[in-house]
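**Student:** Sequence:
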Amino acid sequence: MSRAAKPGPRNVIDSAMTDPGQQPAPNTTPVKELVVVNATGRQASSVVRVASAVGYKVRAQLRSLKKDLQLSAELRILPNVTLLEGSLDDQAFVDRLFVGAQYAFVNTTPYAWTDEVATGKSLALAALKAGIRHYIFSSLTDHSTHDPPQDPLPLWATKFTVEQYIRQLELPATFVYVGSYHNNFSSRPYPLWQLTPRADGGFVWKAPFPPDYPIPFIDTEHDLGAAVIQIFKDGVSKWGGQRIPLAFEVLTPLQVCSAFSKALGRPVNYQPHPLEIRIPIPPGYRDQLEGVVKVLCEQRAPYFRPEMEGSATKISRALWPGWRGMEEYAREVWPIEEKTNGASWIASGVATPASEMDGEN
Numbered sequence: 006m007s008r009a010a011k012p013g014p015r016n017v018i019d020s021a022m023t024d025p026g027q028q029p030a031p032n033t034t035p036v037k038e039l040v041v042v043n044a045t046g047r048q049a050s051s052v053v054r055v056a057s058a059v060g061y062k063v064r065a066q067l068r069s070l071k072k073d074l075q076l077s078a079e080l081r082i083l084p085n086v087t088l089l090e091g092s093l094d095d096q097a098f099v100d101r102l103f104v105g106a107q108y109a110f111v112n113t114t115p116y117a118w119t120d121e122v123a124t125g126k127s128l129a130l131a132a133l134k135a136g137i138r139h140y141i142f143s144s145l146t147d148h149s150t151h152d153p154p155q156d157p158l159p160l161w162a163t164k165f166t167v168e169q170y171i172r173q174l175e176l177p178a179t180f181v182y183v184g185s186y187h188n189n190f191s192s193r194p195y196p197l198w199q200l201t202p203r204a205d206g207g208f209v210w211k212a213p214f215p216p217d218y219p220i221p222f223i224d225t226e227h228d229l230g231a232a233v234i235q236i237f238k239d240g241v242s243k244w245g246g247q248r249i250p251l252a253f254e255v256l257t258p259l260q261v262c263s264a265f266s267k268a269l270g271r272p273v274n275y276q277p278h279p280l281e282i283r284i285p286i287p288p289g290y291r292d293q294l295e296g297v298v299k300v301l302c303e304q305r306a307p308y309f310r311p312e313m314e315g316s317a318t319k320i321s322r323a324l325w326p327g328w329r330g331m332e333e334y335a336r337e338v339w340p341i342e343e344k345t346n347g348a349s350w351i352a353s354g355v356a357t358p359a360s361e362m363d364g365e366n
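According to our numbering, the stretch in the sequence shown is residues 6 to 366, in order.
Everything labelled a hint here was simulated from the structure, so no lab data went into it. Glycine included, each C-beta is placed from N, C-alpha and C at the ideal position. Hints may contain errors.
[Claimed, not checked] Keeping only pairs whose Cα atoms sit at most 27 Å apart, straight-line, the calculated DSSO-like set for lysine-lysine is:
hint, residue 1, residue 2
1, Lys-126, Lys-72
2, Lys-62, Lys-126
3, Lys-134, Lys-37
4, Lys-267, Lys-319
5, Lys-267, Lys-344
6, Lys-243, Lys-319
7, Lys-299, Lys-211
8, Lys-238, Lys-126
9, Lys-62, Lys-243
10, Lys-319, Lys-238
[Said to hold, decoys possible] Quick list of simulated restraints, FRET-style, between CB atoms:
hint, residue 1, residue 2, range
11, Ser-349, Ser-242, 50 to 60 Å
12, Ala-323, Asp-217, 25 to 35 Å
13, Ile-282, Thr-345, 20 to 30 Å
14, Leu-70, Ser-316, 32 to 42 Å
15, Pro-340, Asp-95, 34 to 44 Å
16, Gln-96, Gly-206, 53 to 63 Å
17, Asp-94, Ser-149, 22 to 32 Å
18, Gly-270, Ser-242, 40 to 50 Å
19, Gly-347, Gln-247, 39 to 49 Å
20, Ser-149, Arg-81, 37 to 47 Å
21, Leu-280, Leu-174, 31 to 41 Å
22, Arg-81, Gly-206, 34 to 44 Å
I would like the entire structure built from these sequences, with the hints used as guidance.
**Tutor:** Have a look at this one:
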């Protein structure tokens, strides 16, 4: 079907549905059908790629095919993947999204146009009604529920609220807690994660984290999908109701800089520095960033829940032994991403002069 002739979202779903009552043909294996929400996100797209590669039939929901043309085009050509364009605020769309599927991976997002808690609850209830056998929800902690309680991070606490609702529904579910992404790092002026090019060809990472603060990391695009599919394979008998921290390394800022320096063959130094916000950011994100500074950096609260600290790398590496570490990412992937983003240090072979980078020297 040509793109111009593509029907509306409900018809797309209808064409993708499997009749729940239809019996498989003799001597055939029933197809595993997986719904992935917000499919162009880093977490969800990783799940789509791996699920497609190992033979799942995937319904990949996204809000707009026009928002990320390159990624949606990539997902479109994967085997057994059907892109479903539709808003999660459309209750009729959500009610039909899971019908006939057996599995779901859901990572809600705090977009300005939606209420993440309401969306998360709506999706979970629709999945329950549709009889989803295993629902994996990407959650995060609410620090106000820790002992002792601390201030909640607003964009994390909403996910925890949805997690609690899913538990109340008794939906067969597993909750993954995802660490910091490798590709948060950029030479562009992103808050917390900018590696600022220096005149000597190296970089400086200026952030409010204490130099010895342990940060859990995951190469999301490379490793998350593989871990999630293994959780599906293990099933709810092993992981039902469990919280799984997904992080393959726990590194301090000093260790991160060491990994980048070894990988790039350039000096990369860490400089503790107050939070800087020099670009437009989404509504509500400033509160999140300021919360990170107060709760994680100043109070040194754990990134995951206290009972999950120390177990992340063991669990994650058991789920997916082929993980990619920070040094390998910095050597093999980060320069490609920087080139794609038009980074001047890639184009010239040397870093941008310090005089052009906020006076760094």
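**Student:** If a hint holds in the structure, say so; if it does not, say that too.
**Tutor:** Here is what the structure says about each hint:
For a cut-off of 27 Å, the pair hint linking Lys-126 to Lys-72 stands: about 25 Å separates their Cα positions. A threshold of 27 Å between alpha carbons decides the hint, and for Lys-62 with Lys-126 the separation of about 25 Å falls inside it, so the pair holds. Between Lys-134 and Lys-37 the alpha-carbon distance is near 18 Å, which keeps this suggested pair within the 27 Å criterion. Between Lys-267 and Lys-319 the CA atoms are separated by roughly 25 Å; this keeps the pair inside 27 Å, and the hint holds.
Taking the CA atoms of Lys-267 and Lys-344, the gap is near 19 Å; set against the 27 Å cutoff, the hint holds. A hinted pair counts as satisfied when its Cα atoms are at most 27 Å apart, and Lys-243 with Lys-319 qualifies at roughly 16 Å. For the hint linking Lys-299 to Lys-211, the alpha-carbon distance of about 16 Å falls within 27 Å, and the restraint holds. A distance of roughly 25 Å separates the Cα atoms of Lys-238 and Lys-126; the hinted pair therefore holds under the 27 Å criterion.
In summary, the hint linking Lys-62 to Lys-243 is supported, as the alpha carbons are separated by about 23 Å, within the 27 Å threshold. The suggested pairing of Lys-319 with Lys-238 holds, with an alpha-carbon distance near 18 Å, which does not exceed 27 Å. For the hinted restraint 50 to 60 Å between Ser-349 and Ser-242, the CB-CB distance of approximately 53 Å keeps it satisfied. Restraint check, Ala-323 to Asp-217: a C-beta distance of roughly 27 Å satisfies the suggested window 25 to 35 Å.
For the pair Ile-282 and Thr-345, the supplied restraint of 20 to 30 Å holds, since their beta-carbon distance comes to about 24 Å. Take Leu-70 and Ser-316: their Cβ atoms lie about 39 Å apart, and the range 32 to 42 Å holds. Between Pro-340 and Asp-95 the CB atoms are about 41 Å apart, so this pair conforms to the stated range of 34 to 44 Å. Here the CB-CB span from Gln-96 to Gly-206 is close to 54 Å, well matched to the stated 53 to 63 Å.
For Asp-94 and Ser-149, the hinted distance range of 22 to 32 Å is satisfied, since their beta carbons lie about 27 Å from each other. Take Gly-270 and Ser-242: their Cβ atoms lie about 48 Å apart, and the range 40 to 50 Å holds. The hinted range of 39 to 49 Å is satisfied by Gly-347 and Gln-247, whose Cβ atoms lie roughly 42 Å apart. About 42 Å separates the C-beta atoms of Ser-149 and Arg-81, a value consistent with the hinted range of 37 to 47 Å.
Take Leu-280 and Leu-174: their Cβ atoms lie about 38 Å apart, and the range 31 to 41 Å holds. Separated by about 40 Å at the C-beta atoms, Arg-81 and Gly-206 satisfy the suggested range of 34 to 44 Å.
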